[in-house]
Every structure is written in C-alpha cells, then in structure tokens.
Amino acid sequence: MFWRSVVVKLWFTILLLVCFVLIILTVLLLQFFENFHINKAEEEMLQTASVISTLLESHQQQEIVMETAESVKSASSHVLITDGAEQIWTAESNVETFAKLDEQWLQNDPDLSRVMSERTDVKKVAETEDGKFLAVGTPLSDSEGGVFVFKPLNSVEETTQQTTKTVFLGAGIAIVLTTIFAFFLSTRITAPLMKMRKGAFELSEGEFHTKIPILTHDEIGELAIAFNRMGRQLKQNIDALNQEKEQLSGVLKSMADGVITLNHKKKILVTNPPSEQLLQSWRYEEDLAEEELPTPLHDLFESVISEETEAMTEVTVQGRNWVIIMTPLYSNTTIRGVVAVLRDMTEERRLDKLRKDFLANVSHELRTPISMMRGYSEAIVDEVANSKEEKNELAQIILEESERMGRLVNELLDLARMESGNIQLHKESVEIELFIDRILKKFHGVAEENNVRLQSEFPSESIGSSAIDPDRIEQVVTNLLDNAIRHTSDNGSVFVRLYKDDHNFVITIEDTGSGIPEEDLPFIFERFYKGDKSRKRDPSKEKQGTGLGLAIAKNIVEAHGGGISAQSKEGEGTTFHISLPQKGLSK
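First residue of the sequence shown: 8, per our numbering; consecutive thereafter.
Hints should not be assumed to be uniformly reliable.
Straight-line alpha carbon distances no greater than 25 Å define the calculated BS3-like cross-link-like pairs of lysine-lysine that follow [to be verified]:
(1) K434 - K561
(2) K242 - K252
(3) K205 - K16
(4) K242 - K218
(5) K434 - K449
(6) K202 - K131
(7) K507 - K434
(8) K202 - K218
(9) K576 - K561
(10) K561 - K449
(11) K260 - K274
(12) K274 - K252
(13) K47 - K172
(14) K47 - K131
(15) K205 - K242
(16) K205 - K218
(17) K395 - K363
(18) K561 - K363
(19) K561 - K360
(20) K242 - K202
(21) K507 - K449
(22) K272 - K252
(23) K202 - K16
(24) K273 - K260
(25) K47 - K130
(26) K139 - K47
(27) K448 - K561
(28) K448 - K434
(29) K395 - K448
(30) K202 - K172
Pairwise CB distance ranges (calculated) [claimed, not checked]:
(31) S211 - E355: 41 to 51 Å
(32) E209 - G568: 54 to 64 Å
(33) D489 - V258: 28 to 38 Å
(34) K242 - N511: 56 to 66 Å
(35) G568 - D444: 16 to 26 Å
(36) M262 - G471: 47 to 57 Å
(37) K434 - A573: 40 to 50 Å
(38) M262 - G568: 28 to 38 Å
(39) G568 - M352: 25 to 35 Å
(40) L200 - Q38: 40 to 50 Å
Treat the hints as calculated values from the structure; they're not laboratory data.
Predicted, not measured: the structure shown is a model, and the values here were computed from it.
Cβ coordinates follow ideal geometry from the N, Cα and C atoms, glycine included.
Let's have the full structure, built from the sequences with the hints guiding it.
So this is what it looks like as structure tokens:
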C-alpha cells in the first residue's frame, strides 16, 4: 500500500535520480581531487627541487645549500642531492621511511635514473617495503647529478581524505535538501490529484455536486477545470437519463399490454405490471422457477434469434388468451436481445364470440316466427283453410308471431340503448311498500292459475319513499316474478321479501322451482339466455320468452346505481336479489 502512493513514487523517483547523479559526481570529484592533490604535491616538490638546483649552481658551499634546502622543503619532504659521482647530500625528513634512500637505490630505479642519464625531470609514485611515496627529480645543469625530493603519499592522502569528507558532507546535505524538496514538490503536485481522486469516488457514488478547488493555473489547474466540467456534464446526462427512465417506466406501467425485454442470455431485464401478472400465472401453470422462461416464450426467443426477424404466437394461460409479438434488438449489427409485447385478447375473443352468438341467436329467434308466418300466410293464400274459423285461427297465430317479433325487436333496441349508456330514467318519489304491493296484486291471479302460492314480507318499519323510475323498476320486478311463476311447479311457492340495510333497500324474489344448473348460473344475465328445458313447466301454460329479460333487468338496476344477483340450487329453487341505493329516501 505504501508503494502504491503517487507521493512516494514521485518522491522516490526524484531522490533516486538525484542520488544517482550525486554518486557519479562524487566519484568524479574524488578522483579529480585525488589526482589534483598528487599533481599539486609533485609540482611543489619539483619546484623545491628546481630552487635547490638553482642554489647549487649559484652557491657551491654545502652548508648554505643544505640550510636553504631545509628552509625550502616541507617537514615531511626528504631531499637527496647527488653530483653523479660519489658525493651525495641529504636533507632529512621527519619520516624514517626515507632513511634507506641512497644513490644506489636511485641507480636501480629506472625512472629516477633517467634524470641523470637523460637530463629530464621525472615525477612518479615510488614504493618501498615501508610504503608508497612521491618522488620527483630534476637534473643539475653543470654536472651529471640531480636533485631528488621525496614525500610520503599518506600526507597527500590526508588532504584527499579531508576533501572526501567535504564532498560527502555536501552530498549528504544535497540528499537531505533534495528529499525535503522532492517530498514538498510531490505533495504540491499530488494534493490536487488526491482531491480529484476523492471527487471521482464521490462521483461514482452519485454525489454529482462535488467540485474540485482550482489552486493553480498550470496543467493540474486545467485538469481540475476539466474535472469540474465533466462532473457538471455527467450530472446533466444522469438527470436526462433518469428523466428518460422515469418516462419509460411511466409509459410501461400505464400500458395495458405487457412488455418484456430479454438479453441474449434469456435473462429478463425489463417488465411491466401486466407482464409480471402473466409470468406469475404462467410459472404457476407450468411449475417453473423464478428465473425460468415459459416454454412458448423460450421457443419464440430461439426462433427470433436464429431467424433474426419478428415472430408472433398466441397462447392461452389460466383461461385467458394472449398474443405475443417478439422483435429482435440490435447493437449495431449484432442482436443484443429481444423485446416481447404481450396483448390480452380475452375480451376481444369474448366480444367476437358474443357477436357471433348474437347473430346466431337473433337469426334463430327470427327464423321461427318468420317461418310460421310464411307457412300460415301461404295456407290462407292457397285456401287450405276453407272455413272462416280456420282462417281466423291462422290469422291469430300470424298476429301472435308478429307481436312476438315486435317484442323481440323492441327489447333489442332497449338493450342496445342501455348498453350504450343512452338509457333515460324518469325518476320520481315512490312509496316502496305500496309500489311492490301493487305489482304483487297483478300476479295473484296468474299465480292461482298456475297453482303457485305468492307470498310477501315487508319490514315492520316503513322504508318510505325513494327516487326511482317506477316503470323501469316495475319492468324488472315483473320479469323476475313472471320467470319465478313460470318455472315453479304445481303447489310451489314464490316468496317476495322487502327490507333495507345501511345503504340500500333490497327486494328478493325466491321460488321453489327447478333451479338453474351451476354451469349456466354465470351466464343468466347475458343476452338470449334461456333456461334449460328441464326447468320448464307445462309448455301449454308457458309464454314464449326472448331470452333478453334478465339482460335488460341488469342494465336497468345498474343504471339506478344498484346491483342484481342470483343464487340457485338445481332442483331446490332460485333467489334473485335486487339492491337499490337509499340516496334520496325520505320518510
């Protein structure tokens, strides 16, 4: 973690670079100063030798020359003077190493012997058993001898060591200063970068209001400006994407059709509520896991991916019909997934079936009376009926069938107006008990003719008046009473009860007839519904119906803001409940 820091990397790089330069410079300086001190010492020694040589040429007295040599040379230097013969003079050094240096040694040294043989100056680093020393020689002009000066090398090395210490001290100070400077510089450079790093993390977490302070006007300052501009632009883009996402989500949620988006791995990406309900029903029906696709969707997906074209299918799930249209989604030229639109066609299929059933029922209802009217009319025209009574009987049948056709057409027109919402109610205040009692009196005679007991029960507390359309409500009650009496066997009962609850008054009509089969009960309020023949009493006592009465009754009650329902057990009887709101009741 320590080496991953930009500050440390920058600091270490600068320090390493400076140390590398300082090491090379130190080595070169040490080499230079070492050679410099040796050369300087040799030059001084050669100068001393030249001074002594000059003195010997001008003064021949040994004592004067030696005194001068002692004063000219350094304390550590050793001077040896030879005339090329057997005479030799020495100016002793305070170093005992040079005690063994004599003329014989000079003659044995090939470099120093050149002073006398070649009459040239010589400088060299000589070596004996006691150590290394500097040696210089210069020839005498008036003889074959020369002046030789020797100096221990350690005296020069001491000066070199002092210089080395100074160089190392300077290098150490330079390294310390470089470290401080490098750390300061790296901190100054990386501080804005660290703030940008923090700002980037905040941006990744959704904090788009983050702003980096601009401290400088160099490249880093420009980078901070660009970062802030990027943050503002990113916020605008994210806001735009969120807005688009919310709009898309709102559109998908408000769609009546289901929408499912799948990626190329068959993973569901986007759904809306209708598609979720369908998937739940589908998985329940096929016993699938949450992530599994239903079989029709899976097959359709494979077809779309392989053929790269739109595909459609129709399925039935939990009794509802769905049409599925699946289209590929492209990323450039590659299919990245599919989108499926699921449309619930149940109502359309039901309406289509109702339309077909309606046409069939109307055709059936009209065909019988038209056939009868045509047949009896032809009988009259062809004079099949000879007597007046026979003709009157045939004419009466034709009249009854025409009236039946008229009732059918009128009821169809009434039902059409009601279902289109164009029903007009003429409401007025009506005493409910008197209103129901008046209707019941009309049916007492019919009930006696059919050997049916007609009974009623009213509440002890008067319901009072209510604002209803009396003609329409009477049509409903009349239709239900007529059906109850017609479908009740001899010595049966029809019971009418009137009561009220918190918000409605309720009329119930209960019979002890044959009842309605359980499979027919959900459809009794549809157009052209007719009871099964097993529910019919004596055909001679029954008035032929059109099958529209209950459908009309339902529309009339619902137009008043109420409701109608039925309960029945086959072989035990049927009970109808008419519930009308008490709004506008007055006592």
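Each hint, compared with the structure:
1. K434 - K561: holds, 17 Å
2. K242 - K252: holds, 15 Å
3. K205 - K16: Holds. K205 to K16 sits at ~19 Å (cutoff 25 Å).
4. K242 - K218: holds, 12 Å
5. K434 - K449: With Cα atoms ~22 Å apart, K434 and K449 stay inside 25 Å; holds.
6. K202 - K131: violated, 66 Å
7. K507 - K434: Answer holds: K507 to K434 is near 20 Å, not above 25 Å.
8. K202 - K218: Judged against 25 Å, a Cα distance of about 9 Å means the pair holds.
9. K576 - K561: holds, 21 Å
10. K561 - K449: holds, 22 Å
11. K260 - K274: holds, 20 Å
12. K274 - K252: Status holds; Cα separation ~20 Å.
13. K47 - K172: holds, 19 Å
14. K47 - K131: holds, 13 Å
15. K205 - K242: holds, 17 Å
16. K205 - K218: holds, 10 Å
17. K395 - K363: Violated, because 44 Å separates the two Cα atoms, which is more than 25 Å.
18. K561 - K363: Cα-Cα ~22 Å, so holds.
19. K561 - K360: holds, 21 Å
20. K242 - K202: holds, 19 Å
21. K507 - K449: At roughly 24 Å apart (the allowed maximum being 25 Å), K449 and K507 satisfy the hint.
22. K272 - K252: Roughly 23 Å between the alpha carbons, so the hint for K272 and K252 holds.
23. K202 - K16: holds, 18 Å
24. K273 - K260: Cα-Cα ~22 Å, so holds.
25. K47 - K130: Judged against 25 Å, a Cα distance of about 12 Å means the pair holds.
26. K139 - K47: Distance ~17 Å between K139 and K47 Cα, so the pair holds.
27. K448 - K561: OK: K448 and K561 at ~24 Å, within 25 Å.
28. K448 - K434: holds, 23 Å
29. K395 - K448: violated, 38 Å
30. K202 - K172: Violated: K202 and K172 sit about 44 Å apart, past 25 Å.
31. S211 - E355: 41 to 51 Å: For S211 and E355 the Cβ distance comes to about 50 Å; the hint holds.
32. E209 - G568: 54 to 64 Å: Once the Cβ atoms are compared, 60 Å apart, the range 54 to 64 Å for G568 and E209 holds.
33. D489 - V258: 28 to 38 Å: violated, 52 Å
34. K242 - N511: 56 to 66 Å: holds, 58 Å
35. G568 - D444: 16 to 26 Å: holds, 24 Å
36. M262 - G471: 47 to 57 Å: holds, 49 Å
37. K434 - A573: 40 to 50 Å: violated, 26 Å
38. M262 - G568: 28 to 38 Å: At roughly 31 Å between Cβ atoms, G568 and M262 fall inside 28 to 38 Å, so the hint holds.
39. G568 - M352: 25 to 35 Å: holds, 32 Å
40. L200 - Q38: 40 to 50 Å: Cβ of L200 to Cβ of Q38: about 42 Å, so the range 40 to 50 Å holds.
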